[in-house]
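Could you put the whole structure together from the sequences, leaning on the hints where they help?
Number of protein chains: 2
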Amino acid sequence: MKIWMDGALTDIEKARIDPRDRGFTLGDGLYETIRVSDGRILRLDKHLARLAAGLRLLRIASPFDETALTRALGETLDANTLSDAVLRLTISRGPAARGMAPDPAGQPTTMITAAPYSRPGPSRAVIATATRRNEHSPLSQVKSTNCLDSVLARIEAAERGGDEAILLNTAGRIAEASAANLFALIGGMLVTPPVADGALPGILRAEIIARLGATERPLSPADLTQSDEIFLTSSLGVRPVISLDGRVIPAGGMAARIAAEL
Amino acid sequence: MKIWMDGALTDIEKARIDPRDRGFTLGDGLYETIRVSDGRILRLDKHLARLAAGLRLLRIASPFDETALTRALGETLDANTLSDAVLRLTISRGPAARGMAPDPAGQPTTMITAAPYSRPGPSRAVIATATRRNEHSPLSQVKSTNCLDSVLARIEAAERGGDEAILLNTAGRIAEASAANLFALIGGMLVTPPVADGALPGILRAEIIARLGATERPLSPADLTQSDEIFLTSSLGVRPVISLDGRVIPAGGMAARIAAEL
Numbered sequence: 000m001k002i003w004m005d006g007a008l009t010d011i012e013k014a015r016i017d018p019r020d021r022g023f024t025l026g027d028g029l030y031e032t033i034r035v036s037d038g039r040i041l042r043l044d045k046h047l048a049r050l051a052a053g054l055r056l057l058r059i060a061s062p063f064d065e066t067a068l069t070r071a072l073g074e075t076l077d078a079n080t081l082s083d084a085v086l087r088l089t090i091s092r093g094p095a096a097r098g099m100a101p102d103p104a105g106q107p108t109t110m111i112t113a114a115p116y117s118r119p120g121p122s123r124a125v126i127a128t129a130t131r132r133n134e135h136s137p138l139s140q141v142k143s144t145n146c147l148d149s150v151l152a153r154i155e156a157a158e159r160g161g162d163e164a165i166l167l168n169t170a171g172r173i174a175e176a177s178a179a180n181l182f183a184l185i186g187g188m189l190v191t192p193p194v195a196d197g198a199l200p201g202i203l204r205a206e207i208i209a210r211l212g213a214t215e216r217p218l219s220p221a222d223l224t225q226s227d228e229i230f231l232t233s234s235l236g237v238r239p240v241i242s243l244d245g246r247v248i249p250a251g252g253m254a255a256r257i258a259a260e261l
Numbered sequence: 000m001k002i003w004m005d006g007a008l009t010d011i012e013k014a015r016i017d018p019r020d021r022g023f024t025l026g027d028g029l030y031e032t033i034r035v036s037d038g039r040i041l042r043l044d045k046h047l048a049r050l051a052a053g054l055r056l057l058r059i060a061s062p063f064d065e066t067a068l069t070r071a072l073g074e075t076l077d078a079n080t081l082s083d084a085v086l087r088l089t090i091s092r093g094p095a096a097r098g099m100a101p102d103p104a105g106q107p108t109t110m111i112t113a114a115p116y117s118r119p120g121p122s123r124a125v126i127a128t129a130t131r132r133n134e135h136s137p138l139s140q141v142k143s144t145n146c147l148d149s150v151l152a153r154i155e156a157a158e159r160g161g162d163e164a165i166l167l168n169t170a171g172r173i174a175e176a177s178a179a180n181l182f183a184l185i186g187g188m189l190v191t192p193p194v195a196d197g198a199l200p201g202i203l204r205a206e207i208i209a210r211l212g213a214t215e216r217p218l219s220p221a222d223l224t225q226s227d228e229i230f231l232t233s234s235l236g237v238r239p240v241i242s243l244d245g246r247v248i249p250a251g252g253m254a255a256r257i258a259a260e261l
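So the protein sequences, as listed, match chains V and X.
Take the first sequence: its position 101, counted from the start at 1, is 100 in numbering that gives the first Met the number 0, and no numbers get skipped.
Take the second sequence: its position 165, counted from the start at 1, is 164 in numbering that gives the first Met the number 0, and no numbers get skipped.
Mixed in with the good hints there might be a few duds.
Because identical chains share one entry, a pair is satisfied inside a single copy or across any pair of copies.
Once the Cα atoms are required to be at most 20 Å apart in a straight line, the calculated SDA-like pairs of lysine to any residue come out as [claimed, not checked]:
#: 1; residue 1: K1; residue 2: R97
#: 2; residue 1: K45; residue 2: E12
#: 3; residue 1: K13; residue 2: A96
#: 4; residue 1: K1; residue 2: R15
#: 5; residue 1: K1; residue 2: P94
Derived by calculation from the structure, the hints in this document are not laboratory data.
All values reported here derive from a predicted model rather than from experimental measurement.
Shown next, in the form of C-alpha cells:
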C-alpha cells in the first residue's frame, strides 16, 4: 500500500509519524473520509470546504492548498490502482514539544491513505448509554480526530450484540451515529437532528436535506421508537437500521431508494 | 533525546509511529505526565492506577504490566540523564485498518518520552467561551489523548492575552483548567469542583483534598470572581492564578504554602 505524506508517495511500511506529533499525543488533527467511485472522487469540494472550516477553528495553516491536496488525492488513488475506494485525508498540527498550547510556527503533518471500498451493510444499532456527544463544543461541527466518544459507543454496541451506536447529546436528544448521520421517517416525514444538537454537518446529510426536503428537528429516543424507518448516511453511503436496541425495524427500502436518487 | 517505544530505547529521530496507529487517526489513546524530582519518580502508583482505569474504560489490554512500565520509565530517565524531569507515558490502541470499532486483536503502542522539568509560573487565566468540557462523557474521568477542547481553550486564552484557560462544563459550571485542576479560597474555605462536574481526578487534587481538607463543591464563574485566591494543580506542580479574564487577583501565597506542604 502506498501512502502520501507531506508531499511524497511512499510505501506505508516505511512512512513515519513523528512520536512527538500532536496528532498522536493530543489528538490535535482533522480528517476527511472520501468516497471514490469508478475512479471519480465524489463531492471533493464539500470535503475540502469542511476541512477548511476545521483548520480555521483549530488555527492550523495547511501547507497544501486545495489544488495541491486534490492532486495528492489523485496520485494516492493512482499509486494504489484502486477505482472503487475510500480516501482518507488527515492533517495534524505536527510535531511539537510538550504542552497544550500550539506553537504557531509548528509544521503540520498531511497524510493520505487509500483503501478498497466496500458498501456498508444494514445496521443493528443500539442507543449508547456509555457516553454522550458534546453539542456545546465546536468540535461537534468539524471532523476532528478526537473520536473516543464514538469509539466508546461502538465498544458498547459490540458488547450488546450490535454493530452500530447512536449517540445522544448532553441534553439526551439524538445527535448521530458513531460515524454517520441519522434520518428517521416519522408519520410520513423525513427528519434528522439539527447540527445544534451535535450532528456533524455531514455532506450526504446536507444533500438529502436540500434535494429530498428532509426536515431538521430535535429527536428524542422515544421519537426513534416510533419511526417507520431509520437510516444512516455517511460519505461511504446510505444504510438502513434494521434493529434498534434489539427491536426489529421493518425494512421499508427507503435507504436503497435514497441511495439510488443521490 | 532517547525515547522508549514498545520495549526498546531508541533515538527519537529514528522512532516511528505507524501512520495507521489509531492514536494518530482517531485519538484512541491515553497518557500520563509524571514528575521526576532529584531522580525520584513521584506518585507513580497513582499515575499507574489512573492509567489502568483508562485502559479498562477503553478496553485496551496493555502489553506491559506495571512492573515493566516502571522499569521502562526508569530506563528512559537514565538514558536521557535527567534528574528533574517530566516523563510522559502514552499508550494508544495501535495500528489498525480504517473504521471506528476497535479490533480486539490489535497491538497497542507504548511510548515513553522525557523532558527537562521547569516549574510552571503563575497564570493569567481566562474563562474559555470557545468550548465546554463534557462532564457527561466518562472520558472526562480519564487522561485520554482527546485534548482538543483544552487546545481550543488555550488558543482562545492566547488570543485574549492570557496563558491559561479555565473550562466550564456543559451546564456552565467550572470544570478545570486546560491541563490542571482548580482550587479557590472562598470565604476562608478551600474548594474545588467535583469530578461529576468534569474535573479530571487529578493526583495532586486528591492529595490536597485528603491531606489539607479541601471541599468538593460545584463552582460557578461568579464564585470565582468572589475568590480570595485561585490556584491550579497538576503533576507538574501548584501555581497561582494571578489574573482572571483580565482582573488581577491579589497574590496570597497559598499556592506556595501548599506546594511546600505536599
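A quick look at each hint next to the structure:
no. : hint        : in the structure
1   : K1 <-> R97  : between (31 Å within a copy, 15 Å between copies)
2   : K45 <-> E12 : neither (31 Å within a copy, 37 Å between copies)
3   : K13 <-> A96 : between (24 Å within a copy, 17 Å between copies)
4   : K1 <-> R15  : both (13 Å within a copy, 17 Å between copies)
5   : K1 <-> P94  : between (22 Å within a copy, 16 Å between copies)
Consistency with the previously given hints fails for number 2 only.
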